[in-house]
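Be aware that the sequence shown starts at 258, since it is given in the working numbering, and climbs by one per residue.
Since the hints were derived computationally from the structure, they do not count as laboratory data.
Don't take each hint at face value.
List of simulated lysine-lysine pairs, DSS-like, C-alpha gap at most 30 Å [what the hints assert, rightly or not]:
no., residue 1, residue 2
1, Lys524, Lys401
2, Lys487, Lys499
3, Lys524, Lys494
4, Lys476, Lys512
5, Lys494, Lys512
6, Lys551, Lys585
Across the chosen pairs, the derived CB separations fall in these ranges [what the hints assert, rightly or not]:
no., residue 1, residue 2, range
7, Glu474, Gln284, 19 to 29 Å
8, Glu474, Glu716, 38 to 48 Å
9, Leu552, Leu592, 46 to 56 Å
Ideal placement from N, C-alpha and C gives every residue a C-beta, glycine not left out.
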Amino acid sequence: MALSQSLQQKLLQKLSPQQIQLMKLLQVPTANLEERIKEELEENPALELDDQNHEEGGEEMVDEFSDNAETEFEEQSGSEDEYDNIDVSEYVQDGDDEVADYKTRDDNYPEEDNKQVPFKTEASFYETLLNQLGLLKLDEKQQKIAEQIVGSIDEDGYLRRETSAIVDDLAFRQNINATEEEVEEMVQRIQRFDPPGVAARDLQECLLLQLQRQKEEGKDVETAMQAIRKYFDEFTKKHYEKIQRGLAIDEDELKDVMQQIIRLNPKPGGNVGGINKAESYVVPDFFIFNNGGKLELTLNSRNAPELRISEGYRDMMKEYERGAKKDKRQKEAVLFIKQKIDAAKWFIDAIKQRQHTLLSTMTAIMNHQHDFFITGDETSLKPMILKDIAEKTGLDISTVSRVANSKFVQTEFGTYRLKFFFSESLSTESGEEVSTREVKKILSDLIEGESKKRPLSDERLTELLQEKGYNIARRTVAKYREQLNIPVARLRKEL
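Work the whole structure out from these sequences, hints included.
Written out as structure tokens, the structure is:
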């Protein structure tokens with residue numbers, strides 16, 4: 258086998274550790290940034306908050322190089338050249354210099370942005386169920402079965418796991434031999450818990466459980482229960498005529514029955530405690546204020562922590578520089594210190610770069626969608642894709658995407674995810690490019706204003722949009738309707 262040597266040219270792109278760190282920081286929401294910084298502070302003693310007592314911190318840092326740490330340093334590898342060529346000049350500058358003054362807060366951030374965000378303190382959905390479980394008189398085995406069932410209930414309040422699977426879970430995970438009858442009996446007891454409908458296996462059972470609770474409270478819901486038991490499929494497809502014929506009731510009675518069913522909660526777990534994601538609090542990354550027609554953008558001050566290099570670590574570098582005799586242990590220690598200071602500088606730079614990237618991206622979005630931030634009118638949104646903002650900011654499209662997908666802006670009209678402002682374009686009869694967001698808003702308004710007895714078909718919606726000057730196909734209308742989570746005309750029909 259002959260050996261050969263060849264020359265190849267390859268184009269490779271590699272991210273440095275600092276770039277990777279920045280990309281990760283960009284994805285961190287403002288609400289979690291403080292925790293991320295806290296982690297870095299705990300991992301790197303050369304990094305500290307600017308309002309700490311630096312003298313005490315310096316004394317603590319010196320302790321790291323006491324005799325107890327001697328063995329650790331001697332075990333580290335490093336060449337003599339590496340030790341002899343240590344340059345500490347850039348690490349021992351005075352406190353007023355660039356390294357010492359590694360603050361990331363800008364004087365332009367108003368103090369009033371440092372708002373306290375309220376947090377919900379009520380019991381979660383599962384805590385509510387467990388509290389009710391504590392009111393039952395159960396032996397040890399029943400308690401374990403009940404806890405397994407509650408743990409198997411999903412966040413919407415449904416028990417999606419089969420009874421046989423729960424029996425297996427109890428046997429393999431908790432070494433409890435339970436029968437399907439014992440599990441089913443406990444499921445029925447938990448189905449008596451609040452909120453009504455909890456622990457149902459499907460929507461039909463969920464609605465029946467709620468109607469059964471109303472019946473026990475003295476309400477006349479027997480006809481509604483028959484409708485769900487016998488004609489559930491017709492109900493989901495809104496085939497009201499079949500339900501009316503099957504139950505032998507008139508139109509007014511049918512309306513009453515449908516009203517009783519519509520008032521029921523299809524997701525009993527969704528309105529209890531912290532499980533309701535719709536009620537979760539959002540910490541905005543940006544604030545946009547309309548100051549007499551002039552838009553003012555500020556970054557949430559949580560994004561601008563005051564970080565700096567530890568005074569204690571720089572003092573140790575000064576001591577090393579002043580020392581005449583530099584043995585191997587000292588050189589190993591100072592290399593360790595340099596690594597920690599470099600890591601701290603990289604992190605501070607990444608935080609500053611994060612701020613710059615966020616502001617640059619949001620400024621470009623604000624300028625592009627100026628009319629919307631002035632009026633709050635969704636139809637004034639202009640077509641805008643990631644490439645548009647990337648070109649304006651000089652950032653990579655992937656960087657803009659990271660910011661758009663994970664950040665929020667608070668305006669006088671509400672709080673929006675940045676992703677909301679991005680949309681494709683659609684041409685009008687006059688050749689003007691408009692945002693698909695504008696078309697969706699008009700489509701939503703048309704459906705909202707329709708007669709629910711005769712809802713507009715996709716064909717009719719297409720005609721109405723074309724009459725307004727939008728060149729749009731029926732399949733595109735259907736796609737936009739689905740993106741808006743609006744069902745087809747037949748399912749929007751009401752009595």
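Hints, one by one, checked against the model:
Taking the CA atoms of lysine 524 and lysine 401, the gap is about 26 Å. The hint holds against a cut of 30 Å. For the hint pairing lysine 487 with lysine 499, the CA-to-CA distance comes to about 11 Å; that is within 30 Å, so the pair holds. Of the supplied pair hints, the one linking lysine 524 and lysine 494 holds, its CA atoms being roughly 19 Å apart against a limit of 30 Å. Our distance criterion of 30 Å between C-alpha atoms is met by lysine 476 and lysine 512, whose separation comes to about 16 Å.
The straight-line distance between the Cα atoms of lysine 494 and lysine 512 is roughly 16 Å, inside the 30 Å bound, and the hint therefore holds. Under the criterion of a C-alpha separation no larger than 30 Å, the hint pairing lysine 551 with lysine 585 is inconsistent with the structure, at around 62 Å. A hinted range of 19 to 29 Å is violated for the C-beta pair glutamate 474 and glutamine 284, which are about 49 Å apart. With their beta carbons about 46 Å apart, glutamate 474 and glutamate 716 fall inside the hinted range of 38 to 48 Å.
Checked against the hint of 46 to 56 Å, the C-beta distance between leucine 552 and leucine 592 comes to roughly 50 Å, which is consistent with it.
Of the numbered hints stated above, those contradicted by the structure are hints 6 and 7, listed in ascending order.
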